[in-house]
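Protein sequence lines correspond, in order, to chains U and V.
Numbers in our numbering are just positions in the first sequence, counted from 1, shifted up by 695.
Numbers in our numbering are just positions in the second sequence, counted from 1, shifted up by 695.
Where hints are given, some of them may not hold.
Since the list gives no way to pick one copy over another, a pair counts as held whenever it fits inside one copy or between any two copies.
Within a straight-line C-alpha distance of at most 27 Å, the following computed BS3-like cross-link-like pairs (lysine-lysine) qualify [said to hold, decoys possible]: (1) K869 <-> K780; (2) K715 <-> K737; (3) K1194 <-> K879; (4) K737 <-> K909; (5) K1146 <-> K823; (6) K909 <-> K952; (7) K712 <-> K808; (8) K981 <-> K794; (9) K1192 <-> K834; (10) K1146 <-> K1132; (11) K869 <-> K768; (12) K808 <-> K909; (13) K909 <-> K823; (14) K768 <-> K1146; (15) K737 <-> K981; (16) K715 <-> K1167; (17) K909 <-> K1167; (18) K808 <-> K981; (19) K889 <-> K900; (20) K787 <-> K712; (21) K780 <-> K909; (22) K879 <-> K712; (23) K889 <-> K869; (24) K737 <-> K712; (25) K918 <-> K737.
Source of the hints: derived by calculation from the structure; they are not laboratory data.
Protein chains: 2
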Amino acid sequence: MYEMVNNMKESLDFIEKQQKELSVFGGIGALLGWDQMTYMPKQGAMDRSEHAALISTLSHERVVSDEFWQHIKTLSTSIENLEEKDQIIVNKLEEDVEKARKVPSDFVTRMVKATTISYQKWEEARKKNDFTVFSPHLKEIIELEKEYCGYINLPGPRYNTLLDDYEEGMTVDKLKHEFSHLKKGLIDLLHDIKNSRIYQQEPQKITFNADIQKRITDRFLEKMGLPEDRFRLDESTHPFTTKIGYDDVRITTNYQKENALFSLFSTIHEAGHALYELGLPQHEYKNTVISDSPSLGIHESQSRFWENMIGRSRPFWDYFYSDIAQISPGFSEHSTLDAWYQHVNRVEPSLIRVEADELTYCLHVILRFEIETGLMDESIQVDELPQIWNEHMEEMLGIRPGNDVEGVLQDMHWSGGNIGYFPTYAIGTIYAAQLYKTLTSNNPEIIDQIKQGQFGHITNWLHENIHQHGRKYQAEEIIQNICGEGLNSQVFLHYLKEKYYPLYDL
Amino acid sequence: MYEMVNNMKESLDFIEKQQKELSVFGGIGALLGWDQMTYMPKQGAMDRSEHAALISTLSHERVVSDEFWQHIKTLSTSIENLEEKDQIIVNKLEEDVEKARKVPSDFVTRMVKATTISYQKWEEARKKNDFTVFSPHLKEIIELEKEYCGYINLPGPRYNTLLDDYEEGMTVDKLKHEFSHLKKGLIDLLHDIKNSRIYQQEPQKITFNADIQKRITDRFLEKMGLPEDRFRLDESTHPFTTKIGYDDVRITTNYQKENALFSLFSTIHEAGHALYELGLPQHEYKNTVISDSPSLGIHESQSRFWENMIGRSRPFWDYFYSDIAQISPGFSEHSTLDAWYQHVNRVEPSLIRVEADELTYCLHVILRFEIETGLMDESIQVDELPQIWNEHMEEMLGIRPGNDVEGVLQDMHWSGGNIGYFPTYAIGTIYAAQLYKTLTSNNPEIIDQIKQGQFGHITNWLHENIHQHGRKYQAEEIIQNICGEGLNSQVFLHYLKEKYYPLYDL
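Modelling step: build the complete structure from the supplied sequences, incorporating the hints.
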């Protein structure tokens, strides 16, 4: 008995140290990435790839090391002797590490090489507007993904394995079911809107210079309660959020002259991610596998919640409209609160996902989901993609890309081997609506608080119900616990109808 | 024979890989430091210390690993079979690694712990203006430094060992000789200046706001030829230069409203360091122990050269004066080129080293050298420091600190265990004068080029004679090769007299 306790103490110490080191590597890797996207001089790219490769190699070596695995097994075989906290950690670690160890090292190396080249070829294909520059490399990626699915081999269709890496526990069957309802609902709603009188009117044009945009976004962040000494906002081509340390989370935005709304809503979006990262469990679970998000969908639920349910809501602008009028002189001469609220919720089928409005956004995602599942079950071939893409676009959104840069070549995800990632954007959007429904049903006073620019209760509610749990539960369990049901796209559709019917006088 | 060649190939591969990894760790560590000093949110400090500690531990483990050492020894025992390039690398590696391996790991750990606490106590002592808060920790540092000297044990006084870490090959005896001449010469020159008519006149007050300062410094950097895609300039409390990659070197400055000259000259200073880093050997020596500076003195010779010999020279302002007048409207109404040149070369004994003028600066350094050598040969005790400091200041500069914050507590170096570092500031200053003398004697046309704002020939000359050699030669060998003699403070004194006699009408 004494011997066993001793071994367990040694193993607990080892896994604590190992997880801490992995967490520290994570922070270093995040800084390397953040700097690359924000301040790095252009020619620094070559050295930066060496920095990032070394950190990721050292990190991977530790994850799959035999010593780590033996300590985990020592603990898991007598898990009943551990405190509850350690049981939770060991169970999750065992799952993660077992999965990682199924993948041969040479595969990891081949995948890194393939995606490095494929990303370059994707960029080149975009420059040349020529899908055939990219397609041979995409084929290689697809074959590698199939090989990967063979190693992990979850039950059901191959795509389940890919999905599980981003949205643990989610399945193709479940998504097909939800997305088919959602697709139909969105297309119907879009149809009604396009036939409305208001849709036919010429949309308002509004621009703010970068300085005004900055002052507005700073005001949002201040009101949302982002702690000044634990986060920062910088600029990058594509907005993102990254966690460098428990008290060092960074977001970026992009101030576009011609699209002033972009920086406003992308900042609220990223700030939603940042509040989540800053709220992850710090005490007993700090630097453990639990202090992380259970899925990208849950992460996206936080950003979409703030961006759409809060940031594009009428109560939000009841409060902030006068702020903008104050920051941007002359603004209120050309606009009214009603017109502005209409403006920030303008529905317009468009070709590019990242520029899509709240309503059409999920159609872009469903298109990609349909294509990805087709690629993995081999009902779609890579060479057919441009045509299939354009047909799907026309079917769902009624518009057709003029070229592949506006079509199948628009996202970088596939070039990086991130197949199975896209659905999490829609899952997050649906979860956000479910959370909003529960929050406002149980706390109707929230609406008035938003009108007063008070967001503290919302942040606390999200923290208590989601952030503080980290990975203790799976994403859908968390939603189930809060909302009384799992993923349900009907709630999102209902939310959209309640919002857009009056907006478009339907 | 075949076996040996094979072993050598394997060893060459190993040391190449190991040096590359160390170089990559160096870049990562540099980014962690740069970010900490520039953009990191305040609360990120705790995690950042974990990031930095992990990188430095991994790096140190590699330097002192038995495997590395065995490969180095394999190569060094039949060094005659290697190409010249590899001979140079192996010799330098053997020196470095042998030295590092003399220091027990537990000592390294104790030193890190002691300096971490001692730095905090130094900050606290400054806040409380109370040397006794810091002194027990400084005593511990001194004892650790003595212990360190015992491990390395270079011939001659203990201080030789400390000096060698920053200025390889330099000795206390040599410095005592040079510094005693220099001290006398500087004190005499300062005496003459203080008795001059011009010194008695009320000095001009000039301020520029931060924006003007930025535009002026940008202009300098552009003209000095810093490549935009390989470097950047940011702000930090204390200016510094850091190399994150071969094509990613970063400098910082600080725009002070009340001291507009600070950002101007500190930027030129750091740009001198940056040009050196950007010019280090890239081809055969990239990511090897040779692609580095041979000493801090040589590094400082580059920054001082640009800051003082160029940036505070009359030809430089013949060119840039009109630029400043153009950038800062109204400036030339209150000033003339003559008055400005006088202003940027104002000599004034002051208490703080980092704010000292070109002439008195080295007296601050010599004071610290005298104290450090005294601490190491035990002729000075830590408790006596405040008094000894103040007496030395009075003797050399004729002024006495009103408190220890302005005196013995002003520099952070000792709290970090960096004893033996200070002399390199004066060594660099002397080398800079020697380089300037040789450059302008051999290329008298340089003066006219400076007047035209053309610095390309200067940069090329420095690159060819210094930058491109990296650590192939020791610092003094490099100077000897260029100037025909080693460290010679008489050259610096002569330069000062030639410049300041006319400036002060002597």
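Each hint, compared with the structure:
1. K869 <-> K780: neither (31 Å within a copy, 63 Å between copies)
2. K715 <-> K737: Answer is between: at 21 Å across copies they meet the 27 Å cutoff, but 32 Å inside does not.
3. K1194 <-> K879: within (18 Å within a copy, 84 Å between copies)
4. K737 <-> K909: Result: close both inside a copy and across copies, 25 Å intra and 21 Å inter.
5. K1146 <-> K823: neither (49 Å within a copy, 48 Å between copies)
6. K909 <-> K952: both (12 Å within a copy, 25 Å between copies)
7. K712 <-> K808: The answer is between: 19 Å across copies meets 27 Å, while 30 Å in one copy does not.
8. K981 <-> K794: This pair counts as within: shortest intra-copy Cα distance 22 Å, inter-copy 39 Å.
9. K1192 <-> K834: For K1192 and K834, neither the intra-copy (40 Å) nor the inter-copy (74 Å) Cα distance is at most 27 Å.
10. K1146 <-> K1132: Answer is within: at 17 Å inside a copy they meet the 27 Å cutoff, but 72 Å across does not.
11. K869 <-> K768: Neither, since 33 Å and 63 Å both go past 27 Å.
12. K808 <-> K909: neither (39 Å within a copy, 43 Å between copies)
13. K909 <-> K823: neither (35 Å within a copy, 40 Å between copies)
14. K768 <-> K1146: For K768 and K1146, the Cα distance exceeds 27 Å both inside one copy (53 Å) and across copies (74 Å).
15. K737 <-> K981: Between copies only: 19 Å across chains, 35 Å inside a chain, cut-off 27 Å.
16. K715 <-> K1167: within (18 Å within a copy, 40 Å between copies)
17. K909 <-> K1167: Answer is neither: 37 Å inside a copy and 50 Å across each miss the 27 Å cutoff.
18. K808 <-> K981: between (33 Å within a copy, 23 Å between copies)
19. K889 <-> K900: Answer is within; shortest intra-copy Cα gap is 19 Å, inter-copy 68 Å.
20. K787 <-> K712: Only inside one copy: K787 and K712 sit 16 Å apart there, 35 Å across copies, limit 27 Å.
21. K780 <-> K909: neither (43 Å within a copy, 54 Å between copies)
22. K879 <-> K712: Intra 50 Å, inter 57 Å, cutoff 27 Å: neither.
23. K889 <-> K869: For K889 and K869, neither the intra-copy (30 Å) nor the inter-copy (87 Å) Cα distance is at most 27 Å.
24. K737 <-> K712: Between copies only: 26 Å across chains, 36 Å inside a chain, cut-off 27 Å.
25. K918 <-> K737: Between. Shortest inter-copy distance 20 Å satisfies the 27 Å Cα cut-off; intra-copy 35 Å does not.
Going down the numbered hints, you'll see the structure goes against 1, 5, 9, 11, 12, 13, 14, 17, 21, 22, 23, while the others check out.
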